[in-house]
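**Student:** Sequence:
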Amino acid sequence: MVESTLLVNVTRGNVVESIHNGNVAVVDAKGQLLYYAGNPKKIVFARSSMKPIQAIPVVETGAADHYDFSDADLSLCCASHNGEKMHTDRVLTILGKAGIGDTSLKCGTHPPRWPDTYKELILQGKEVTPLYNNCSGKHTGMLITAKQMNEPLENYYSFNHPVQQRILAAVSEMTEYPNDEIEIGIDGCGVPVHGVPLENLAHGYAKLARPDELPEKRRNAIRRITKAMVTTPEMVGGTDRFCTDFMKAGKGRFIGKAGAEGVYCIGDLEKGIGIAVKIEDGDGRAAYPAAVEVLKQLNLLSEQQIELLMNHYRPKLHNCREEEIGELVADFKLQSATALLS
52 MVESTLLVNV TRGNVVESIH NGNVAVVDAK GQLLYYAGNP KKIVFARSSM KPIQAIPVVE
112 TGAADHYDFS DADLSLCCAS HNGEKMHTDR VLTILGKAGI GDTSLKCGTH PPRWPDTYKE
172 LILQGKEVTP LYNNCSGKHT GMLITAKQMN EPLENYYSFN HPVQQRILAA VSEMTEYPND
232 EIEIGIDGCG VPVHGVPLEN LAHGYAKLAR PDELPEKRRN AIRRITKAMV TTPEMVGGTD
292 RFCTDFMKAG KGRFIGKAGA EGVYCIGDLE KGIGIAVKIE DGDGRAAYPA AVEVLKQLNL
352 LSEQQIELLM NHYRPKLHNC REEEIGELVA DFKLQSATAL LS
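In our numbering, the protein residues as written are 52 to 393.
Simulated from the structure, these hints should not be mistaken for laboratory data.
Any given hint might turn out to be false.
[Stated by the list, open to error] Calculated cross-link-like contacts (lysine-lysine; reagent style DSS-like; alpha-carbon spacing at most 30 Å): (1) Lys278 x Lys302; (2) Lys278 x Lys322; (3) Lys299 x Lys384.
Remember, predicted model here, so these are calculated numbers, not experimental data.
Whole structure, please, built from the sequences with the hints as guidance.
**Tutor:** This is the structure we're talking about:
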């Protein structure tokens with residue numbers, strides 16, 4: 052099996068200037084590989100695409116109920132957000148319910164993704180804190196869970212902490228990949244990150260999309276999380292973000308979550324399938340065209356929906372004079388998995 056295949060071309064004028072190779076897996080809720088491109092068995096770190104699964108213990112421990120989580124609160128736990136005011140205010144509100152200060156966030160700092168927020172901080176002479184980290188919602192969910200379970204807050208991000216062990220168990224169960232075979236690294240925000248075969252990651256999303264066969268507690272938790280994401284998609288990303296725009300265009304049918312290094316995962320709540328995309332060189336700019344192309348080839352999007360997502364599906368490239376000089380174009384064909392069985 053090939054290691055990867057061409058997924059996206061980058062054009063300048065009439066010339067393909069660069070290419071992005073990658074891998075795709077499409078899997079149903081029973082774990083059957085349906086379609087693929089490249090190598091669906093390649094081990095990948097899911098990065099932030101794992102956040103909806105990492106949020107499961109927030110519900111299953113009772114933390115979401117105890118602290119009266121709204122859909123927007125739970126959606127934020129799945130987010131890689133812009134750091135807009137709607138995101139940071141909600142982080143503070145959730146932490147405030149539990150009497151936890153934002154100094155307890157151990158996700159580190161980076162400039163807010165939303166330029167207006169960053170400009171405002173600079174103009175006001177304010178410090179960039181972990182509150183503005185795109186992962187502060189996920190970390191808030193972890194802190195709230197630790198508080199609910201009377202566990203130490205100081206090292207909630209460490210691999211051996213019960214918070215991370217519950218997440219590891221959920222990842223293993225949802226992806227149906229052995230706990231002790233999951234590759235463990237450290238994510239950009241300091242918590243453990245999980246490496247599983249791409250098709251297993253897609254399987255996890257298929258089970259998020261259709262949890263019917265799972266135990267009642269898990270099934271209810273998943274349905275609450277997916278409802279939160281599709282009801283308040285602005286919390287998952289924010290203004291001008293693909294995750295938010297995609298779920299809005301999907302009108303409740305799809306959940307979608309980006310991960311760093313060119314990962315994108317989708318759950319189709321209507322068909323009960325999961326899709327996982329990994330761009331080989333890690334450039335996230337190619338993940339969105341590839342993800343939309345998969346949905347297009349599977350006839351899961353209408354022409355109107357594709358048009359709504361065109362800025363992500365066929366993003367134009369501009370020079371410093373704001374002149375259009377090229378675009379990203381998905382260029383691959385999904386293969387039927389029956390070919391792998393022959």
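**Student:** For each hint, tell me whether it holds in the structure or not.
**Tutor:** Verification of the supplied hints:
1. Our distance criterion of 30 Å between C-alpha atoms is met by lysine 278 and lysine 302, whose separation comes to about 11 Å.
2. For a cut-off of 30 Å, the pair hint linking lysine 278 to lysine 322 stands: about 16 Å separates their Cα positions.
3. For the proposed pair lysine 299 and lysine 384, the alpha carbon gap of about 26 Å is at most 30 Å, so the pair holds.
Hint violations for this structure: none, all hints satisfied.
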